[in-house]
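Student: Input sequences plus hints: build the corresponding full structure.
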Amino acid sequence: MAKIELIGVTKRFGKTTALNNVTLEVHDKEFFVLFGPAGAGKTTLLNNIAGIQIPEEGMVKIGGQIVNQVDPAERNVAMVFENYALYPHMTVYDNIASPLRSPRYKKDEGYIKDAVQRVAALMKIEMLLERLPSQLSNGQRQRVALGRALVREPNVFLMDEPLAHLDAKLRNHMRSELKEMQAAFATTSIYVTHDFMEAMSLGDRIAIINNGEIVQLGTGDEIYYMPCNEFVAQLMGDPEINLLSCRLVKGDGGYSVVWDEAPEHRMFMPANNALFDRFEKLSRADIHMGIRPQNAHYHFEPVEGAIRGTVYAFETIGNKSVLTAQIGDTHLRMIAPNGLPVNLDQDVYVTFDIDRAIFFDAGSTEYIGRFDEAAIRELAAAQAKEA
Amino acid sequence: MTAQKRLYSILKNAGLAIYAIFALFPLLWMVLLTFKSDAEMLTTTFVFHPTLVNYEEVLLKTDYFRYIKDSIIVAGGAVIISVLAGVPAAYALARYNFKKKEDIAFQILSFKFAPEILVVLPLYMIYDKLGLYDTYFGLIWVYQLISMPLIIWVVRGYFEDISVEIEHAAQVDGYSWWQIFFKILVPLIRPGLVASALLCFIFAWNSFTFPLLLAGIKIEPITVAATKYLAQNTVHYGQMAVAATFSALPSIIFAICIQKHLVRGLSFGAVKG
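Which chain is which? The protein sequence lines are U and G, in order.
Residue numbering for the first sequence follows the working numbering, starting at 1387 and increasing by one per position.
Residue numbering for the second sequence follows the working numbering, starting at 23 and increasing by one per position.
Hints are not guaranteed to be accurate.
[What the hints assert, rightly or not] With a Cα cut of at most 27 Å, we get these calculated DSS-like pairs of lysine-lysine: (1) U:Lys-1565 - U:Lys-1415; (2) G:Lys-122 - U:Lys-1401; (3) U:Lys-1389 - U:Lys-1447; (4) G:Lys-205 - U:Lys-1492; (5) U:Lys-1401 - G:Lys-121.
Honestly, the hints are just simulated from the structure, not real lab data.
Tutor: Printed below as a string of structure tokens:
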């Protein structure tokens, strides 16, 4: 139960910089998600908070105290490692009991027995307590690793992709379980993942990390609807956002966009002064328009204002499908219902919800704006108040 | 098909029998010699008048047990020092990155490359100057050439197999480095450590060149002392056989006791599954 602060933390390994001047504040009792691609520095950040690694520059504070010089054993953090890091020569029971037997967190055996039973019941591993880690499946090992972290009451839970190796059903179950547990324990948690769904559903707030730097910080909705650049937009969302190279055309008292792949179609924008003001300030006319797959629509008959293309692929991803259309050299992803009768290479006509588009600077790939930005800011503010 | 199988089985067993004779006959022959008197030594093969006179001569009338004691001290001391210094060295080579790490590791291994006879003469000069000649300490020191590389290389492999996150997890669980070392790491490297230490003990016990030239007056390990039974003009084969049989006993007993662990310890990694 503590606030975690990182101030200007830089961590280098030889010549590579794993963390570059990271400043971050995790509120007390918050469920904080670190989300980013592989090799972004997520695990390094956790290790620096746990004290397994010590930053070259900057400060790490737990509960207001600078802990740079404090051993991991004295920081009162619990950590779940991505590769489980169970002790191979100890039974599941002894593994879970290990923190409670250490000199730092010593408890009597009676207490330990109760605590281990409680955690084992929570993790549904009661019948595995006498086994060795080598006799468990990956999912079971992961639950033992979680159990070892949950058995005591630390300042902060650090979880490094704890659900990555579970099968889909168990993962969904554990995801909601984790969220409930965190609410019940009221303990600050920092959770690392590269799964967008996990990040969105678990995190009170999410930090996007890339190349050792925090790229964006905010609630899930905030980041999803107002990604600060194209990288974040592509990371958040599955299927991935469509980014279309467009030209801005000014005229008739407003703006319209023309997609490079379909120059004959002019898409008129609804009036929006805040957005148009930002367009005014741009030094160039080319922009990237981000269209989420659910905001692009397919038609099999010619429709007013639709752009013609051909069906490139149709794949089912669970309860929905992704229809990919080829227009010029661009592949455009759209959400479609399962079982849609569709033939490859048949003609398809595409329209966009232009009022849901996200605009990016074509040069810097930075966020410019979107039409309903004000509404999303309100939503984010409400969420922040709630959390 | 069955005939073919039977033939294969016969051939296999015949091959194994030939190998068993090849491997064990010298030992059997040595034991037989211990029961022969000097008179019958060269004139009989399997039929002779067994006598215990050789045993009496060697075990009761010479300092045989002092030689055994010397062997135990130098071989045992060498292994203890090698374990105490080798395990931390192996840990450092497995866990830390420092300049020329692989060169140092290879250098350690290369101690085993040079023939003993090549290094023993310069060592003799050095030992003589330093006053290490014919001391327990001197022999234990030189035996590190035999035992240290083996222990470092085997145990290093075991440490490398233990993922570093296991140590991190134990740190986070509230253990200090020393507690982690003894509670987590030592149990995991134990098979390799035990196997390599016992093998080192046998190698040190069997060492002949080093004790022959670097000791021999006050301190006489059994391998060197066995040559005493080659007298100036007579050779007491029977007595030599007794000395050799007894000196081979520890190796044989160890090898039989730890056979299973020896093979497993030297070929398996620490963390399986």
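Student: Compare the structure with each hint and give your call.
Tutor: We went through each hint and held it up to the structure:
1. Distance restraint check for Lys-1565 (chain U) and Lys-1415 (chain U): the Cα-Cα separation of roughly 12 Å lies within the 27 Å cut-off, and the hinted pair is therefore satisfied.
2. Distance restraint check for Lys-122 (chain G) and Lys-1401 (chain U): the Cα-Cα separation of roughly 18 Å lies within the 27 Å cut-off, and the hinted pair is therefore satisfied.
3. A distance of roughly 8 Å separates the Cα atoms of Lys-1389 (chain U) and Lys-1447 (chain U); the hinted pair therefore holds under the 27 Å criterion.
4. Straight-line distance between C-alpha atoms of Lys-205 (chain G) and Lys-1492 (chain U) comes to about 16 Å, which keeps the hinted pair within the 27 Å bound.
5. As the CA atoms of Lys-1401 (chain U) and Lys-121 (chain G) are separated by approximately 15 Å, the hinted pair is consistent with the 27 Å bound.
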